[in-house]
Amino acid sequence: MNKMLTKKRSLVFFMVPQFTMLPFSAAIDTLRIANRMLGYPAYTWRLTSVDGNKVYSSCGIGVEANSSLAEERRHLSGENRPSMVLVCSGIDVEDFNNKSVNAWLRESYNRGVAVGSLCTGAHVLAQAGLLNGKRCAIHWENLPGFSEAFPQAEVYADLYEVDSNLYTCAGGTASLDMMLNLIGQDFGEALVNRVCEQHLTDRVRSPHDRQRLPLRARLGVQNAKVLSIIELMEGNLAEPLSLLEIADGAGLSRRQIERLFRQEMGRSPARYYLEIRLDRARHLLVQSSMPVVEVAVACGFVSASHFSKCYRELYNRSPQQERAERKLTMATARQAIAA
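Residues -26 to -1, 1 to 313 in mature numbering (1 follows the signal peptide of the UniProt record, and there is no 0) are what the sequence shown spells out, letter by letter.
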């Protein structure tokens, strides 16, 4: 029989508490449909957790594990060694740091097992030291905190990245695209097309497609000059450009830029620039444990006091209160799930 037709791949999905259900289920169901189209179980999988017990997702649904971390470490030297390990996580991934998990991931990778992640799982791979000098993808909301915490990783706002034997995806429906890429490697485009038809998906997205809506759609702005200026601002948050530098880059006068922003954005360019820097700061505060002063510097503020003043004026609370409220909200959510 043709080797292509009998090829098999086994996967382990490691579930981190509060993992996101959509990328997890999309990945597994894509493999299930591939098996159905092939007529045999080309893809098998098992679910694992640190202790082998049920893990609750961020939506409160508990998923039973098939194995524990200790069992998976033993499997690495036996016939049940997987072809691929995927870390599934979601919100609060920054709070998860397990040395045994890190050691298992490194050992898996060193033994030739493909290692990957869904949604925010790149954070766990980076903690294990697997992403130094490697291209990776993570959900756009977590990208600012991730890039600050792991500067040696080459992180991109892509749907997914494949670098040697490391697979990372941004979560959401991007896990579907990454699994389709895997199926294409194993069985070719014809099977990918059949799986897409079952999913009611009309195309396989490129790994470098946008995670977020284009600025034009996201902001409801049509003026190309304004959009190019906003892109320039978003690319220079840690070291903000002066209005004169922005004007030079856009080929407009300062007065023209002021007028355009008043018309299109309802505020001055300086005010808009401040707001997107503070938005980045807010993501860093709730998605990382960076000290407030470091958050201020990362978002282009010369002092923590000036940063706090601007933050309070926009959000009606201090950066410290923002972080405390976030922790309280997440703790309450976890208690509700546990109950």
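Honestly, I wouldn't trust all of these hints.
Below, simulated DMTMM-like cross-link-like pairs (lysine to aspartate or glutamate); rule was C-alpha separation at most 20 Å, straight line [to be verified]:
#, residue 1, residue 2
1, K(-19), E122
2, K283, E299
3, K73, E53
4, K199, D176
5, K301, E68
I should point out that these hints are in silico values taken from the structure, not numbers from a laboratory. Small disclaimer: the values here were computed from a predicted structure and weren't measured.
Going through the hints against the structure:
Pair hint K(-19) plus E122 does not hold up; C-alpha atoms about 39 Å apart against a cutoff of 20 Å. Of the supplied pair hints, the one linking K283 and E299 holds, its CA atoms being roughly 18 Å apart against a limit of 20 Å. Pair hint K73 plus E53 does not hold up; C-alpha atoms about 25 Å apart against a cutoff of 20 Å. A threshold of 20 Å between alpha carbons decides the hint, and for K199 with D176 the separation of about 33 Å lies outside it, so the pair is violated.
Straight-line distance between C-alpha atoms of K301 and E68 comes to about 12 Å, which keeps the hinted pair within the 20 Å bound.
In terms of the numbered hints stated before, the structure departs from hints 1, 3 and 4, listed from lowest to highest.
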